[in-house]
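Colleague: Each protein sequence line maps, in turn, to chains A and B.
Going by numbering that gives the first Met the number 0, the first sequence opens with residue 0, and the numbers climb by one from there.
Going by numbering that gives the first Met the number 0, the second sequence opens with residue 0, and the numbers climb by one from there.
Do not take every clue at face value.
Treat identical chains as interchangeable: a pair holds within one or across any two.
What the hints assert, rightly or not - DSS-like mimics (lysine-lysine), calculated; alpha carbons at most 30 angstroms apart, straight line:
| hint | residue 1 | residue 2 |
| --- | --- | --- |
| 1 | Lys41 | Lys54 |
| 2 | Lys203 | Lys81 |
| 3 | Lys133 | Lys203 |
| 4 | Lys81 | Lys133 |
| 5 | Lys288 | Lys15 |
| 6 | Lys2 | Lys133 |
| 7 | Lys41 | Lys133 |
Everything labelled a hint here was simulated from the structure, so no lab data went into it.
Since the structure is predicted, the reported quantities are computational estimates derived from the model, not experimental observations.
There are 2 protein chains.
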Amino acid sequence: MNKELPVAAVDLGGTKILSALITTGGRVLARHLQPTNASKGKDAVLQSIAEGIEKMLAENGLKASQICAVSVAAAGAIDSEKGLVTDSPNLPGWHNVPLRQILAERFGVPAFVVNDASAAALAEHRLGAGRSLKNLIYLTVSTGIGGGIVADGRLYLGSDGSAAELGHMTIEESAGRDNCGNYGCLEMLASGSAIAAEAKKRLKEGRASSLAAMDLDDIDAADVAQAAAGGDELSQQVIARAAHYLGLGLVNIVNIFNPDVIVIGGGVSRIGEPLLEPARRLVAERAFKLPAGRVRILEAELGDDAGVLGAALYAREY
Amino acid sequence: MNKELPVAAVDLGGTKILSALITTGGRVLARHLQPTNASKGKDAVLQSIAEGIEKMLAENGLKASQICAVSVAAAGAIDSEKGLVTDSPNLPGWHNVPLRQILAERFGVPAFVVNDASAAALAEHRLGAGRSLKNLIYLTVSTGIGGGIVADGRLYLGSDGSAAELGHMTIEESAGRDNCGNYGCLEMLASGSAIAAEAKKRLKEGRASSLAAMDLDDIDAADVAQAAAGGDELSQQVIARAAHYLGLGLVNIVNIFNPDVIVIGGGVSRIGEPLLEPARRLVAERAFKLPAGRVRILEAELGDDAGVLGAALYAREY
């Protein structure tokens, strides 16, 4: 594999597919964004991925022989060793899809598949908020919560490539069953879905709130955050609750990994300090002193490019 | 450092100090066991450690110049980078003790300090239950619960050497405050202390049990396990409760690390299947399928030598 050539990297999400051409130095030469249309089924999505890459290559006057690899960051349980998407919550009908093999055959270059949050962890470590540090944990807080681990400078993926499911650690078993089958997961208590669900629950109880003017079905985490910023007490309490549980997750991460930095990305992280400040305080109060004194808890720097940048780094390094 | 020479390895526990001379191949040439007498204070214990090593060397006709290193595995928050025992729950008065420097000066050879559970993880990976596997998590279940992480074949210690405090992850926040300052820790729900405390609590409530014949203060986890094995219902319920919480911890470990193996050591692990079988079942029910299908949950193989063997490996490898 000629590593001087760009990587065609893809961030395969439940709603959007972002393709990008990425140089050795991590520069984005071109981007191509398209809808996933996940409901059209697996084969249609696979076709879209390939066509997106082909279109991007054509627009930039490149042939497949002028890229060194195709690399996909995807949500879900990814078996990076075998190149399979074993399961993906936002891609109905995807079970043990041999994505690596399909893309390698179509483009005639080596192909890679890696979990999207692990890819983002690698990108934030090499190019973003964790540059030059030894140990980084990445947490993406959006609809769900995903994670990535950089340990002693190397991406840690576990024995199948499915490690770092930090959103699915139990922090309060008695909170009940999560969609994943586990109980009291961080994701069901601190994610965007959790924020929206808790706000709706409190509104249904008849509590006063500026959100009461909205259609209940339309309320999402961003609405709650906005109402909280505007002084709405119910919304502030809901955000504070999520921040508390996020803090519990961070305490666990600090005690388990003793990392230099925890980088928080994902849409919900844009709430910023109202979410991060109480979580940082909980770490200071509850985690062991030595690792709590070490860790910095920072917002991610790479935004929507983290997935494609990480996928490209993964192809070059692994 | 001449790695052909043996390492003088020490397992510094709250009640006993085990010293051993260990060859390159991990063979134990000699052992020396002595009480810690922790209550006599830091300086007395430091003196005991050094004298124990000196006695062992003398008994084997060796001078300090005929060992390649002194390496200590110790309980507590160890800053392996700086060679400090920053805090140790079973060693009163120990705060930021520069153990590495003290031993290096006394013996004139390189010295090392590493957390005892991390040392045991390394030993079980190289010489015990996890031989030739990529990713191993070690959990010692005794009075407390400690952990060690071998990731992609290398011991992972975090940025200060204090990683892998797996006993201090929150799994049920509402269970209340742990001694460590965190809430609902695995250790306060599944350790030997937890088993004894829960049995005493139920006995105080007047529940019938074969343990009722004992002095309440004398009851420990081994007594509860023995009564459970003899058919005592209260004791069986207490063991089942600990096994359930141990299982929650294992689910988290499986989702976070996707390891090949989780090795369980420590005195309480000798309860064996009544503790491990329900915990394994919970992993199968609640963890993600891919990592749950991969992981094996095994009893440790190296027994009381795990700490000194790991300390010796640490000195040779790091």
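Colleague: If a hint holds in the structure, say so; if it does not, say that too.
Modeller: Structure-based check of each hint:
1. Lys41 x Lys54: within (20 angstroms within a copy, 70 angstroms between copies)
2. Lys203 x Lys81: neither (47 angstroms within a copy, 55 angstroms between copies)
3. Lys133 x Lys203: neither (47 angstroms within a copy, 50 angstroms between copies)
4. Lys81 x Lys133: both (28 angstroms within a copy, 16 angstroms between copies)
5. Lys288 x Lys15: Only across copies: lysine 288 and lysine 15 sit 26 angstroms apart there, 42 angstroms inside one copy, limit 30 angstroms.
6. Lys2 x Lys133: The answer is both: 25 angstroms in one copy and 27 angstroms across copies each meet 30 angstroms.
7. Lys41 x Lys133: Result: close neither inside a copy nor across copies, 38 angstroms intra and 33 angstroms inter.
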